[in-house]
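Here is what each chain is made of, one letter per residue.
There are 2 protein chains.
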Amino acid sequence: MSDRYIDFANSDLGRRLVGAVGLPSPARLERWQAGRLRPVEGALLLGGGPLANKVEAFAQRLTDEIYSFASPDLNATEWVAGLGPKLKAVVFDASELDDIDQLKQLREFFQPLLRSLAPCAHVVILGRAPEQLDDPLAQVAQRALEGFSRSLAKELRAGGTLQLLYVSDDAEDQLEGALRFFLSPKSAFVSGQVLRLQSCATQVQDWTRPLAGRKALVTGAARGIGAAIAETLARDGAEVVLLDVPQAKTDLEALAARLGGRSLALDICAADAPAQLLEGLPGGIDIVVHNAGITRDKTLANMTPEYWDSVLAVNLKAPQLLTQALFDSGALHDHARIVLLASISGIAGNRGQSNYAASKAGLIGLAQAWAPKLAARGSSINAVAPGFIETRMTAAIPFALREAGRRMSSLGQGGLPQDVAEAIAWLVQPGSGAVNGQVLRVCGQAVMGA
Amino acid sequence: MSDRYIDFANSDLGRRLVGAVGLPSPARLERWQAGRLRPVEGALLLGGGPLANKVEAFAQRLTDEIYSFASPDLNATEWVAGLGPKLKAVVFDASELDDIDQLKQLREFFQPLLRSLAPCAHVVILGRAPEQLDDPLAQVAQRALEGFSRSLAKELRAGGTLQLLYVSDDAEDQLEGALRFFLSPKSAFVSGQVLRLQSCATQVQDWTRPLAGRKALVTGAARGIGAAIAETLARDGAEVVLLDVPQAKTDLEALAARLGGRSLALDICAADAPAQLLEGLPGGIDIVVHNAGITRDKTLANMTPEYWDSVLAVNLKAPQLLTQALFDSGALHDHARIVLLASISGIAGNRGQSNYAASKAGLIGLAQAWAPKLAARGSSINAVAPGFIETRMTAAIPFALREAGRRMSSLGQGGLPQDVAEAIAWLVQPGSGAVNGQVLRVCGQAVMGA
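Going down the list, the protein sequences come from chains A and B. The first sequence begins at 1 in UniProt numbering and counts up one residue at a time. The second sequence begins at 1 in UniProt numbering and counts up one residue at a time.
You may find that some hints are simply not true.
Since the list gives no way to pick one copy over another, a pair counts as held whenever it fits inside one copy or between any two copies.
Below are the DSS-like pairs computed for lysine-lysine, each with C-alpha atoms no more than 25 Å apart in a straight line [claimed, not checked]: (1) Lys-373 to Lys-86; (2) Lys-86 to Lys-298; (3) Lys-373 to Lys-298; (4) Lys-86 to Lys-249; (5) Lys-298 to Lys-104; (6) Lys-54 to Lys-104; (7) Lys-215 to Lys-298.
Since the hints were derived computationally from the structure, they do not count as laboratory data.
Bound-form chain A, shown alone (with noise of 0.2 Å):
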């Protein structure tokens, strides 16, 4: 389940062997640690437009450290080299990048600070939504940020990170809660994602407690990537609910004592599961992760009936039904935040897995096509789409298969649970129904797209 070769390659012999004969050199990513208080800790560079001066107002709540690079005249090579500091964090603003030539700016400004980035920095460009300009050629140069920023994202190195924010002029004061998870190892197996943030009008009130006063319900719970998800919304002060087939029951009555949350074991697929978890929701809910997932993997030349039928039912129906009664019943609570466990293959599809990428391309069909109605209260829906996570399901994969997928990523590694479980809790916080209707991938910046 572990991978041995990441260990291997930042050892000292392993890393000099590594360079001599050019095989991949996966960075050993930094996560968030329990008790851990500043999402920077080191140096926060900002630059570029206006947005930079709103990230500003708040930056001390980040880190103690802040460099402001505002004046465009300035001779950025000296100016960064004179910093000292690696730089552990950087904004830039290129919202108001409005026409072709003034995309040099991200040249100007980027070029001489790539030598001075720490381990595993984040870099978050900011943007604003093409489709939400009038002007064509703002639109153009809009637009053209998202290939600038997927490519720098495979530039970096050492564990550094990437994403491309295309944020709204009514949801600026949602950059807070976006940057605490993109700029801090939360986000460490997150790289050349773009997300577009529009308003929102609940905001979080506790940034060391984000989800205090909130319930959550996780289906899947026992054990994985489930239980991660548990773990780190209890963590972030949720009071969570567990929801697991009856088999898993042991399991998953030890992680709810855990947590001090309850536990909740049904068969989702259940003719009554939607009366049942009703039932067991007395008090509505106001966080829902559909996280239960199979794969039955066969060509779809050798596909059996049950293993088409299964994984639709768990995967996509269900969340489907439990969503809808949920919302009918009223037990979904104004505000709510909905997650679905999409996946890299619902995206690119994948040779095997028909069944899968189907029911995992419905999820984020499911998301787009509920979000409008969610927004009208204030509640959120978005798909997660983890790539290669390294868990009991990937440790069966065949070992070249699975090196495959470790590899072929900007940050030539697999994930782990925790990193899944991170981009959920920060998208069911209030502040996040910024986010909607949208798919997050936590992928390492996968090769696999489409």
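Given the coordinates of chain A, work out where chain B should sit on it, guided by the hints.
Here is chain B on its own, set in the frame of chain A:
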């Protein structure tokens, strides 16, 4: 410049070796040959919902061997086995699958026929765009088609291709043009793609010369992909105007003479390029293919201002300025068709190509930004994103990277300039206004994506 491995893998000895050792076995793809009349040479199977009947109405113009699988009660395995001939083309209308349970019809329809596909068979699945449906259940089911289609495309063997077309109900008249492309060898190197067809007022009059009476401008036309585009548009009846830099004048004039067209030697980045172009097109223009493009690869850390500026100027700024000039001056006729040459790098980003990927992503933005105002004049603008194409440019890539680029795709090989040209020749047809503001990848379903 040629891929000798395909020859080897398809030789008698090679086939045995490749099978024994487990090497990739790319098929020799069938391409469209001059003088061919029928899009489908062999059996066409139609199945699924009512759009299959729409297709049946014109199917005899595609092939003379048509099988229709209308009854869902039929024992499909026996029925397909009883067909006799291998299937060269399959169309399945999934547009009426409006809940999750009904998706099983995909398995029921496709499973028995997968072993009856001829080499280089072409499969098209028809659906309804989820965002145009009101029923959330139908939206989910239709979105699920994407995961299914991309997976099944990855499972097809022997050069088979598969696409998903979301057809709006006012676009059904445009199915013939789309299927003449996607069911024929013209789409040999296109697979795993998802496109939307909308209504379009204009139609092809003569399928043997679909571009008759249309004047087409191709930039970068002296060689490579640009020359192939010019040849293909001329083959389809267009009067071609070939544009390239003054240094390429000799090649350009020779090609123009051979195609019975005109040449325009000018530097598209010159300050007076828009004026020169308008002067060179006194009668206006119907079709514009912005193919001219350059690469100047360096990681951003080593990128010179000249590398950045020249790539952005040629690849993005020139198409933007020329399109604007053609539009503002009225030289761009109503019902015009514009195609921009993007790239997979513009979608997924690429290490060492932050300038190129930004320019190509910007072109996708250009298509999206301009689509609505062109639609108001019956015109369209789309991007074509080639994957690995065998050209002088890709022949210069180091061996290992070149092999990875070729093999990391469902078809296991690079495409030919002709493949890109055929996609463009379809998109610029009068009826192809049905596609607007979209991106069509010509990449053999390359693994790389976002």
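Against the structure, the hints:
For a Cα distance limit of 25 Å, the shortest separation of Lys-373 from Lys-86 qualifies neither inside one copy, at 45 Å, nor across copies, at 48 Å. In this assembly of identical chains, Lys-86 and Lys-298 lie within 25 Å of each other by CA distance solely across copies; the values are 23 Å between and 49 Å within a copy. Taking the shortest Cα distances, Lys-373 and Lys-298 never come within 25 Å of each other, neither inside one copy (36 Å) nor across copies (46 Å). In this homomeric assembly, Lys-86 and Lys-249 never come within 25 Å of each other (Cα to Cα): the closest approach is 48 Å inside a single copy and 52 Å across copies.
Taking the shortest alpha-carbon separations for Lys-298 and Lys-104, only the inter-copy value of 15 Å comes in at or below 25 Å, while the best intra-copy value is 48 Å. Proximity of Lys-54 and Lys-104 under a CA criterion of 25 Å is satisfied intra-copy only: 23 Å inside one chain copy versus 51 Å between copies. In this assembly of identical chains, Lys-215 and Lys-298 lie within 25 Å of each other by CA distance neither inside one copy nor across copies; the values are 38 Å within and 50 Å between.
Of the numbered hints given earlier, the model fails hints 1, 3, 4 and 7; all others are met.
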